[in-house]
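Q: Sequence:
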Amino acid sequence: MSFKFWPSLKIIAYARIAQGILYTYDLEKLKRNFPEKRRRNKKYMKEIDDTTKKISFPYLSETFKRLDAAARRNPEGVKAVPLQPKIRRQLRGIVLTMGLEIKKWFISHKSIMKDGKHNLRNKLSWFSFGVIDRLETARNFIHDEGWDIIVRFHLACNYCFEDDLQMLWRNMTTQNRIDAERRLPSCRNIWLWFEALHGNIPRNWEEITHNSFFSGNSMGIRSYFPNLRGPEMRCQSINCALKTTKVHHYDLYSCISLLNSDELSSLRTGLRTPEICILLQSFLEWPFQIIFLDVVNYFENRISQDIFENIVTFILRTKLGSGFLDLMYIEIFKPFWNLFSAVYEDHIRQMNYELYLLATYILEGSNEYDGHKYRHMLNMYFSD
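Under the working numbering, the residue at position 348 of the sequence shown is numbered 348, and the numbers go up by one with no gaps.
Straight-line distance between alpha carbons at most 27 Å, and here's what the computed DSSO-like set of lysine-lysine pairs gives:
| id | residue 1 | residue 2 |
| --- | --- | --- |
| 1 | K246 | K29 |
| 2 | K42 | K373 |
| 3 | K104 | K4 |
| 4 | K334 | K10 |
Hints are computed from structural coordinates only; laboratory data are not their basis.
Construct all of the structure, not just a fragment, from the sequences and the given hints.
A: Okay, structure coming up:
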């Protein structure tokens, strides 16, 4: 068993258009001020709606060959049609999701990169499916000689870029090196890099046996994970990353996708309830929703009452509460609920009745779902 994510052409097209819309904004302001709650981002939603209303596509009543020939003969004669409302809502949700992705990147890096201007328009590297490639983005900053060399060195440490660390170390003055050792955090990962650089020796990944290395180093997991030796270390690193709750969802997926069937089975057996919750929540982030149910089916025997309630709460309050990608989460929620409802539904109804009412609204009225009505119910039942 393995989890493989293959983005469809539809997802790639959505992401490409969404990025174009997103980049009409000032990303330097967006990284700080992007609102995560729907009720606080009405300004963005209206502006995005106005933009998507202007998007139109050729009317494809003819074959592509005939349409192309007609367009060459008479470009004005090709009829253009606007996007359907359902597509515009989906596109708006993806734009907002990608905006939140930028803010999350900024929050996770602001303790390292304290300079106010990041030139994100040219520095951010995106996967085709609308998620920031954090490794390539880090390299873009590390290779920019206009940035403070100690900041670049700190980034290279956190991302475990050994070649870049050696290059920067060679280019640092004696005072730079002293300042780096004084300014960088005192954690095991960075100690080990200084030890290797002072000794002019490569990092020995077979010596990595301590949780203290993994626990403070989820940022670089995608870089160092392929170097880890043995299933115990690989599973331990994922477990520690989940415990921090800070691991990026693509980085987590990337590492899990490298596990063989025995390692994946060990991971499933070894994770505790909080870590399983974080793992399942990660597969509810854009665009991994499309394999969420595959992950659920693999972990089905480990999904307890507490885990079920956690994921139900996460979907109904956080994901549907944001109003970004409602229809996608409704499609996920129904089969997830039905898989476990025979065992856990009574508990939800008795112990968390307001949550049960939200679930009932989604299950019984998904074909006539009204986002405004749903979020009014949500705010009424859960004022926080």
